[in-house]
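Student: Top line first, the protein sequences correspond to chains E and U.
Be aware that the first sequence starts at 22, since it is given in this note's numbering, and climbs by one per residue.
Be aware that the second sequence starts at 35, since it is given in this note's numbering, and climbs by one per residue.
No lab work stands behind these hints: they were computed from the structure.
Among the hints, erroneous ones may be present.
Claimed, not checked - If you want a taste of the chain E side facing chain U, the calculated C-beta under 10 angstroms gives, among others:
#1 Asp191
#2 Thr219
#3 Arg223
#4 Gly262
#5 Glu322
#6 Lys338
Unchecked claim - Computed cross-link-like contacts, DSSO-like style, restricted to lysine-lysine with a CA-CA straight-line distance of at most 27 angstroms:
#7 U:Lys423 x E:Lys285
#8 U:Lys423 x E:Lys147
#9 U:Lys511 x E:Lys147
#10 U:Lys101 x U:Lys113
#11 E:Lys214 x U:Lys106
#12 U:Lys103 x E:Lys85
#13 U:Lys106 x E:Lys85
Every residue gets a Cβ at the ideal spot worked out from N, C-alpha and C, and that includes glycine.
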Amino acid sequence: MNCTRRNFLIGGSTTLFLSGYFPKISFASMQKKNLIIISLRGGMDGLTAVPVIGDKRLKKLRRKLILEDVLNLNSDFGLHPKLEIFHKLWQTNQAAFVHATNIPYTGRSHFDGQNLMETGAHIPYKEKTGWLGRGLLASNIIGKGLAISLPMPLLLRGVPQNNNFFPSPDFVETNLIDQIYNEFKGEHNELIKSTLDTIRQRPLSMQIATDSDDRRKLALEAAKQLKDQSGPRVAVFDLDGFDTHAAQGGVDGAHADELEEVNKIVTILHENLGQAFDNTLILTLTEFGRTIKQNGGYGTEHGYGSAILMAGGLLKKSQVYTDWPGLKKKELFEGRDLNSTIDSRAVYNSAMSVCFNQDPEFLRKEVFWGDELPDLSQELFKI
Amino acid sequence: MSLKFYRRVAFGLSPNDKPDKDPLNWALNQLNTIPNLLWPGIIPTEKELRKKYGEWVYGDREVLRKKFKNDKHAYRKAKDELRIKTGERYFELNEHAIRHYQTKYSKQPVFERFWLFWGNHFAISEKDFLAEFSTGPYQREIIRPTMVKTFEEMVQSVTTSWCMIHHLDNSESFGPNSKKGMEWRETINENHARELLELHTVSPNAGYTQDDVIQLAYIMTGWAHKWDRKNLETGDIWFDQEMHQKGDKIVLGVKYKNDAKRELAKVIHDLATHPICIKFVSTKLCRHFITDEPTEDMINPVIEAWNKSNGSLIEIHKAVITQAYKHNENTHKFHPPEIWLMQLSRMFDLNIPLSSEKMNYSFSSKPNRRQRQLSWILREIGHSPYRAKQPNGWSDFEADWVSPELLLRRFWFSSVELPIHVKSGNRSHDFILACLKNNFEDHENMASLIENFRFGTLDYDLGQKYGVICNLPGVLKA
Numbered sequence: 022m023n024c025t026r027r028n029f030l031i032g033g034s035t036t037l038f039l040s041g042y043f044p045k046i047s048f049a050s051m052q053k054k055n056l057i058i059i060s061l062r063g064g065m066d067g068l069t070a071v072p073v074i075g076d077k078r079l080k081k082l083r084r085k086l087i088l089e090d091v092l093n094l095n096s097d098f099g100l101h102p103k104l105e106i107f108h109k110l111w112q113t114n115q116a117a118f119v120h121a122t123n124i125p126y127t128g129r130s131h132f133d134g135q136n137l138m139e140t141g142a143h144i145p146y147k148e149k150t151g152w153l154g155r156g157l158l159a160s161n162i163i164g165k166g167l168a169i170s171l172p173m174p175l176l177l178r179g180v181p182q183n184n185n186f187f188p189s190p191d192f193v194e195t196n197l198i199d200q201i202y203n204e205f206k207g208e209h210n211e212l213i214k215s216t217l218d219t220i221r222q223r224p225l226s227m228q229i230a231t232d233s234d235d236r237r238k239l240a241l242e243a244a245k246q247l248k249d250q251s252g253p254r255v256a257v258f259d260l261d262g263f264d265t266h267a268a269q270g271g272v273d274g275a276h277a278d279e280l281e282e283v284n285k286i287v288t289i290l291h292e293n294l295g296q297a298f299d300n301t302l303i304l305t306l307t308e309f310g311r312t313i314k315q316n317g318g319y320g321t322e323h324g325y326g327s328a329i330l331m332a333g334g335l336l337k338k339s340q341v342y343t344d345w346p347g348l349k350k351k352e353l354f355e356g357r358d359l360n361s362t363i364d365s366r367a368v369y370n371s372a373m374s375v376c377f378n379q380d381p382e383f384l385r386k387e388v389f390w391g392d393e394l395p396d397l398s399q400e401l402f403k404i
Numbered sequence: 035m036s037l038k039f040y041r042r043v044a045f046g047l048s049p050n051d052k053p054d055k056d057p058l059n060w061a062l063n064q065l066n067t068i069p070n071l072l073w074p075g076i077i078p079t080e081k082e083l084r085k086k087y088g089e090w091v092y093g094d095r096e097v098l099r100k101k102f103k104n105d106k107h108a109y110r111k112a113k114d115e116l117r118i119k120t121g122e123r124y125f126e127l128n129e130h131a132i133r134h135y136q137t138k139y140s141k142q143p144v145f146e147r148f149w150l151f152w153g154n155h156f157a158i159s160e161k162d163f164l165a166e167f168s169t170g171p172y173q174r175e176i177i178r179p180t181m182v183k184t185f186e187e188m189v190q191s192v193t194t195s196w197c198m199i200h201h202l203d204n205s206e207s208f209g210p211n212s213k214k215g216m217e218w219r220e221t222i223n224e225n226h227a228r229e230l231l232e233l234h235t236v237s238p239n240a241g242y243t244q245d246d247v248i249q250l251a252y253i254m255t256g257w258a259h260k261w262d263r264k265n266l267e268t269g270d271i272w273f274d275q276e277m278h279q280k281g282d283k284i285v286l287g288v289k290y291k292n293d294a295k296r297e298l299a300k301v302i303h304d305l306a307t308h309p310i311c312i313k314f315v316s317t318k319l320c321r322h323f324i325t326d327e328p329t330e331d332m333i334n335p336v337i338e339a340w341n342k343s344n345g346s347l348i349e350i351h352k353a354v355i356t357q358a359y360k361h362n363e364n365t366h367k368f369h370p371p372e373i374w375l376m377q378l379s380r381m382f383d384l385n386i387p388l389s390s391e392k393m394n395y396s397f398s399s400k401p402n403r404r405q406r407q408l409s410w411i412l413r414e415i416g417h418s419p420y421r422a423k424q425p426n427g428w429s430d431f432e433a434d435w436v437s438p439e440l441l442l443r444r445f446w447f448s449s450v451e452l453p454i455h456v457k458s459g460n461r462s463h464d465f466i467l468a469c470l471k472n473n474f475e476d477h478e479n480m481a482s483l484i485e486n487f488r489f490g491t492l493d494y495d496l497g498q499k500y501g502v503i504c505n506l507p508g509v510l511k512a
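Just chain U, same shape as in the assembly (with noise of 0.2 angstroms):
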């Protein structure tokens, strides 16, 4: 069994870490349990961070605003001040600082990695404040728990959250025949349902037609944020019957009788167990791990596992990585930047991200500027977490991240960025070697690759030789 397949299911082996005996076990006995952050430094709630995100916005819409409605420049002012003293500025690089630590550290990469699968899957795209407060908090709190329940449970926690919620403007699909919806002569917003259906559980392969959407819209009508004068948009989930569309309603074929907030258990129910929901997300597992275009042979057993375990995520998780090193041999992955900047971190011990006092934050001035590098660096190499463009998030598709400009990121990274982040003690040559030994079965061929700068120890000579290893075709791809 080839090294590659640490990073094809995890992040490559630190200088600690060495390869194990039977590495399909020591994958598969990762994704029991959830594994506990290990980020020392503040890890606030997602209620916390939301109330946070409340002030902000009331603060700047109701009371900047009509403030300084005269005076642009001094509303610039008091607008900045918010910013800092509300953490605005702050808390999306505290949450990626716990993200990368995690991926750095953690004992259980492996889940990790599906960790970050399903954040994406349930992606939250850049909209309003939302990577600012919420999708790191919605990441750890809503995704990671449900990872070892069924996907079933997943499905229902997400639809239910007020990031999701929020990202698909649940909140303001009113039912025309509800008594908000008729006092307010309002109607639906399709957005949430459609991706639930399109997204999240059965994808268009289900052939499921407008009609289909409307009555799943219709089903989530009411379910909403707890709207007040102070929170405005960012108060509490609940359903609120009086936005609820009355009557049965028909998705897929499958009629839903007028059964209020139980309705909407019921059609994720039966959407999360659809087998074309199933064979869609064991495709899209396969191809984030496998290869882009993964094979009915890598797809079939996770859809076996997937039936036989009534949809238990342990289970599905651990046939997937089953098929990962089946097929390990065979197949190439290429990674995406995030993933190839945790390997690398993870591989070199690099200092990625910056140490948890370092990101301590007093709300009183800007965050600096090694505060905000690791942000900056990710938002440079195009792959900024919690602001994919669209609400299908980020892709798994090599062609979508080969074009010039992304692998230059990727050459201007490892060159010119990296050496400042080596670590005063691993700034030798044998450092490097033996990083690559740990790693790579021809660690030789790359070791001679940077022959050259062997006795070179400027950052530009560490530049040269990260700036090789980091871009061949072993280390972008597993």
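Next up, chain E with everything else stripped away, as it sits in the complex (with noise of 0.2 angstroms):
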């Protein structure tokens, strides 16, 4: 079938938008809800990870790049085979996509694209804390955010005392940090300052040396940490190398080996929250998508419109959830890439407001400028 421009759309937010937000109080409301972000840098190919089927164009477009087999979703849409832990929960109600989504920007450099993909703002370089820092501080969920990467993601700052988890090659003696903290004065060490508060008030199964270059174990110990009532309740994993200019590849190739790493973290997750599974959202981030066309390396170019995969209890079913815009040379953006009809940060806004039992418009407010982002709680998660 050829994909034109149709609406996939039920329902709207519109109601829910006039009828102000009543949170339901529940015991499951009361439970911890996890929510886990991970950053897919580099530029995630939607039309690789959730494939169009049939699309006569994309195979035109795309002749080295045609995935053979794909797993089925639905009539219009399959999965990249890699991801099967998508498929298999997508059984269960517990996957879903959203397509043709993008964060607003349209310049196509992966570093201005990557700020405000995690700062959310419109301005590369001009906000200094992320999207899910503002909405952490603002929800009051201090202390909660746990990072599964060496530095402190951009995405998290903007509330004190996050924890990250990349543990070092031996143990290491914190009492070293007794003996020189109160040399940390003045405005100029405040960030050293309360870094070391965290360090101080880490638990002790995060004081054990491990191997950081194997994922599997560093996933292992962020379900650990997410599954404990009083742990975190939002982690960030980081990934890189989805910036694939040159051999792409389609069922294998560079742009499979790196959806197969989101593959990993989320059985991991899965096998090892347990039933924290049920109250846990994980949703990938990345900061544009790729060319329709292949380029002379077999790879693609930035693009703008992508994807965003999700896995998690919290969702309200299976689907794949798009304003399809349709691939015609005049339905791109600028010509060359799929175009973007949602902003994704609606979808994160509304992540956040169901993980953080907030009100989706006080969110918008506090966190988006107030920028027009639609509710989409409703649509996509259960509330």
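Each chain sits in its own coordinate frame; assemble them with the hints.
Tutor: Spelled out as structure tokens, the structure:
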């Protein structure tokens, strides 16, 4: 089937907008809810991850990149074979996708784009905090952020006392901190001082040396922390390597390898969160999608619209949620990229409102400066 | 003038260095010439290492994969042997040693700091086997010799270097109306053009459009490696007229007439002398040497020096140092892990890097643990210099370097790993006190914090002392 612009949206968000927001108070909402973001740096190709089925134009423009056997989602969309866990969870309404979506950024620079996907702003490098950090702060959830990376991602900045887990090769004696702590005086030492506070409050399991190259172990520890009722409520994973200008490949190849990494993390989280998976949302984040057309090196260039991969028990149902813009030349952004018809920040704002038990309107104002972001909680998530 | 100036613009003072009566002149005088590389061990040329790179990819891709296509284990074994034979596991370690030996012993440490800066400004991020074979020699042979020329010459040299062209895919960029483009139905790859604008010269502040990127990519088409069956992608850079987009091009409103290989030099001239480029790079220099958020009164004198000298890097560097000197007392600059490590090695005369004799390599077995040590430390403290994740290199902002784990890695290094690298003659408490006195005004306070371990001589005691000292605010920052 040849996909043209069609409306896949079922129902709208207008009713909720007008009726105001009344959070349900139930036992379920008392349970800690986890929000996990997996950053996919380099520009994840939504059309490789969640390919549209039977589009002749796509086949023509991507002669060397077409997937031979995709996993079946519905009559319009398939799933990359390396994303097995999403396919499995799809059967139980625990995986879904938002397609033809992006942050409102069309500049095609990784660095500006990644800065904006994390700050949620419009002008690169203007904001020094991340939307997730601001969302936590606005919801008064302090010290509950966990990054699975060595540096603290910009996405989580803006709320104090975040933690990260990427352990050193040996046990570190934290009593050294006590000996120098009081030397950190003055405003210019505040950041280091508050980071030392966080280290001092870490649970024992995070002080154990392990192998940080082993993503499995890192994801396992993250699952363990998130499962704990008093543990972190937010976790951020960082993957890179999605910038496949060359040898992007189809079922195998550079992009497939990266998707496999996503699959691995989600699989471990699913296996080890146990029941907590029911109260969890996992969402991916990227700076842009990639061009429809393959380039000279059988790769793709920086584009615009991409997709969000979602998993977790807080999803409403399995669906590809999209306002599909079509792939005809005139339907493409600047004649070359999949268009974005959904501001991905609306998805993240709605996800935060669900996981932090907050009014989406309130978060929209506090976190995204009141930008026009429709509430998608009812369409996408269990509320 | 406080002693921290020696760490602000260099690597602190070694036990053999003494503070100068005129620190500003001490620093300025280091910028006129290019100091020789001091490493007594082997310093292979870029071309030699590129040949090794070629042997490695050819051997793996064209020989082993075909020979062992049905035997995974035999393939893996043969591949490991090839790694050893071509030095795939070795050359990066040697490059790290060359680099750290230079920052430890150079008589022009201020020059070396600028060397590190430019290597990072024109960063080669982790891609293919560049870190293994190419990024080190690129920084030695492409960046370093141009540091006494103009910024424009540096950009020219970088843009047509094999390393950058491979890094940013320009060999895969074909003018769609060029002979090869038409024959093979190929088109441009924008990557290099975009980074030349965004990272290397004018920055997004110049307000260029997608069209500017495309037009610049057109100008750059043809600058590619000379491919042949044996060398694959490791051939020399040349200008391939048959890949070059024909016709006039317009970048940032300036028209470039169809002029084949000469188009690139013209557009680089315009970009490298663009006022927005000058401001962007001057700001970055001030950020690196003075403070995360440099002010106009720091940046403007650098811009002035730039304009007055037509982009002479010697004059630009001097202006930056003059500002760093002027603002030494009222600013604080947090140092990224590699510079911190270099400073510790110089100030406390650590056994880092390993001696050149011990770095000798036989190409018959895997590099030994000690040979791998420095590179391993750099990775563990989060700053493996040739392996930035993105072409924008390593950050100069404190916030990017302060996280619980990144700080814990520094505690780990200083208390667990560092004692292993203390020279046997330097294990006394008095030696530490003398180093502190040489480098810090508040050395007495620092000494009081390690007084409890005064009489301990075990690695553990040294670890406690260095664990405290190396992580004090005045050591993390200068």
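Student: Hints first: check each against the structure and report whether it holds.
Tutor: For each hint, the structure was consulted:
With its C-beta approaching chain U no nearer than about 5 angstroms, Asp191 (chain E) sits inside the 10 angstroms limit, and its interface hint holds. This hint holds: Thr219 (chain E) has a C-beta 5 angstroms from the nearest C-beta of chain U, less than the 10 angstroms allowed. Annotation: interface hint on Arg223 (chain E) holds; nearest CB of chain U at approximately 7 angstroms, less than 10 angstroms. Nearest Cβ of chain U to the Cβ of Gly262 (chain E): about 9 angstroms, under the 10 angstroms cut. The hint holds.
A least Cβ separation of about 6 angstroms between Glu322 (chain E) and chain U falls short of the 10 angstroms threshold, and the interface hint therefore holds. Taking 10 angstroms as the C-beta contact cut-off toward chain U, the hint placing Lys338 (chain E) at the interface is violated, the least distance being around 36 angstroms. Only pairs whose Cα atoms come within 27 angstroms are accepted, and Lys423 (chain U) paired with Lys285 (chain E) is accepted, the gap being roughly 21 angstroms. The hinted pair formed by Lys423 (chain U) and Lys147 (chain E) meets the criterion: a straight-line CA distance of about 22 angstroms does not exceed 27 angstroms.
For a cut-off of 27 angstroms, the pair hint linking Lys511 (chain U) to Lys147 (chain E) stands: about 25 angstroms separates their Cα positions. Annotation: proposed proximity of Lys101 (chain U) to Lys113 (chain U) holds, straight-line Cα distance about 11 angstroms (limit 27 angstroms). Pair hint Lys214 (chain E) plus Lys106 (chain U) does not hold up; C-alpha atoms about 51 angstroms apart against a cutoff of 27 angstroms. The hinted pair formed by Lys103 (chain U) and Lys85 (chain E) meets the criterion: a straight-line CA distance of about 22 angstroms does not exceed 27 angstroms.
A hinted pair counts as satisfied when its Cα atoms are at most 27 angstroms apart, and Lys106 (chain U) with Lys85 (chain E) qualifies at roughly 26 angstroms.
Consistency with the previously given hints fails for numbers 6, 11, ordered from lowest to highest.
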